[in-house]
Amino acid sequence: MNVSCTVNGRAQVAEGVWEGESLLYMLREHLGLYGSKNACEQGECGSCSVYLGGTLVCACLVLAGQAQGKEIITVEGLARGHGLHAVQDAFVEAGAVQCGFCTPGLVVATHDLLQRIPSPSDAQIREALAGNICRCTGYAKIIDAVNLAAGRSRS
Amino acid sequence: MEFLQPATWSEALAMKAAKPEAVPIAGGTDLMVEINLDHRRPATIIDLTHIKELTEWGMDDGRLRIGAGVTYARIIDELGDRLPGLAMASRTVGSPQIRNRGTVGGNLGTASPAGDAHPPLLATEAIVELASTKGTRQVAANEFFAGPKKNAMRADELIAAFLVEPARGPQQFSKVGTRNAMVIAVCSLALAVDPKRKHVGIGIGSAGPTPIRAAEAETFIQEVLEEHRLWERHVHCEPSALKQFGELVAAAAKPIDDVRGTADYRRHALAVLARRTFRWAWDDYRKSK
Ligand SMILES: Cc1cc2nc3c(=O)[nH]c(=O)nc-3n(C[C@H](O)[C@H](O)[C@H](O)COP(=O)(O)OP(=O)(O)OC[C@H]3O[C@@H](n4cnc5c(N)ncnc54)[C@H](O)[C@@H]3O)c2cc1C
Ligand code: FES
Ligand code: FES
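Those protein sequences? They're chains A and B, same order as listed.
The numbers in numbering that gives the first Met the number 0 rise by one with no breaks, and the one at position 127 of the first sequence is 126.
The numbers in numbering that gives the first Met the number 0 rise by one with no breaks, and the one at position 69 of the second sequence is 68.
Wrong hints could be hidden among the right ones.
Label pairs and their in silico Cβ distance ranges [said to hold, decoys possible]: (1) Glu77(B) x Tyr138(A): 30 to 36 Å; (2) Glu10(B) x Asn146(A): 32 to 38 Å; (3) Asp282(B) x Gly31(A): 41 to 47 Å; (4) Asn146(A) x Ile255(B): 42 to 48 Å; (5) Gly31(A) x Ser287(B): 55 to 61 Å; (6) Asp80(B) x Tyr33(A): 39 to 45 Å; (7) Glu70(A) x Lys18(B): 28 to 34 Å.
Quick caveat, the hints were computed from the structure, so don't treat them as lab data.
We put the beta carbon where it would ideally sit given N, CA and C, even for glycine.
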């Protein structure tokens, strides 16, 4: 089947999508957007986090056809122009990236958090990122990165 | 595989009637895991997320009628004051990504004994509304759960909504797990105090083949409150009565040993949760006088 949707502001048609395919698979294998990562395919790790209709979701748990007519924003769509988004900059500067596999999901989840709560407490950060697993950093630098990004968007 | 996307509720019911083996999908947080891991390969899937009616809620003859497609995130944001117990349970579900997508209708569809929406629905005597092209019927939550991952839904039916009275008194929910997020309950308990009906409702989760209503414990604590006029006097009940209450809740469970915990541990934990949640709720009631 074909799935029409808007991805990162551009109208797209994914052709030849298998009906049982996830939105994550469609983004990566049909639309060539490899930013969203596939690690668990069961909603446990958050590395596939994207916005679907403005809501943060695990792309691996959305059936591709459910995205029909919807607006999707992936990690590739956060930055405006050629630079990085402030959240991405903060992750780089805080050293919150090691292997980087979890990073796209954490960046999107952090983006969502700061839209909802511009100055989150540590508890709010932990709650918001509870569904994003990182096997490298130990999370301390990730929380630093969120605080750094929050501080910058305030000023 | 066939993918159907009805735009209206009546269309969805007609599709289900024509293909009773078709599997509905709402948030996909249960079903997609099964498809991704190749545990299940439905021949036909009916997507319910484009049906507006399922995402609506409102008052209906003194009860809240909440569409099966309302997500946990919306229950927390929009109904936290009217359904505090269900909202507490919803806050413990998965992660923000899961709560943004997962629905109570999907929880009922899966009917896992560990589903976190179930204990509060049992404690508040909620009703599940099932629909088919032949009409709708209402099933008490207590009668909805038929066995491990089995429910009272017939092959041609879909879950339309659940009906529940807005809270008239304090409600609580507690869940035992290894982490504060992203855990399947080792066991869980919901308690609802209704001063108008002088009723205390108790639902327990992850401690038997289905979610369970602890009816004997309910009757016992109601008798204690009545006998000692505790509703009127706004004082605490005797520790010995509370202990017995905890034991009755534990006795209502039919737990097994599994990877998440032993049957003994679950019984012990449920007695603790029962005493604790009752004390919290009763404190709130006493202060509300
Ligand atoms: C990482 C992760 C963490 C989780 N954590 C928790 C947790 O803490 N607590 C908890 O209780 N659950 C948890 N779950 C399980 C899941 O999120 C819940 O059971 C959720 O309520 C399912 O809702 P859904 O809309 O996503 O269901 P779906 O996956 O869309 O559907 C589930 C089942 O219900 C059926 N169904 C859905 N809607 C209807 C309807 N209207 N009529 C008839 N049948 C219907 C489907 O056919 C399917 O069989 C978790 C899942 C994941 C992946
Ligand atoms: S790949 Fe989607 S949550 Fe892990
Ligand atoms: S940086 Fe490697 S998993 Fe997070």
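Satisfaction of the hinted span 55 to 61 Å by the C-beta atoms belonging to Gly31(A) and Ser287(B) = 59 Å, holds
Can you let me know if the beta-carbon spacing of Glu10(B) and Asn146(A) is within 32 to 38 Å?
-> 49 Å, violated
Lying within 39 to 45 Å: is that true of the beta-carbon distance Asp80(B) to Tyr33(A)?
-> Because 44 Å falls inside the window, the suggested range holds.
Is 30 to 36 Å right for how far apart the beta carbons of Glu77(B) and Tyr138(A) are?
-> Holds, since Glu77(B) and Tyr138(A) (Cβ atoms, about 31 Å apart) stay within the stated range.
Honestly, do Asp282(B) and Gly31(A) meet the 41 to 47 Å range at C-beta?
-> This hint is violated: roughly 58 Å between Cβ atoms.
Distance restraint hint 28 to 34 Å, applied to the beta-carbon atoms of Glu70(A) and Lys18(B) = 30 Å Cβ-Cβ, so the 28 to 34 Å window holds.
Note whether the CB distance of Asn146(A) and Ile255(B) lies within 42 to 48 Å or breaks it.
-> At 44 Å between Cβs, range holds.
Violated hints for the displayed structure, listed by number in ascending order: 2, 3.
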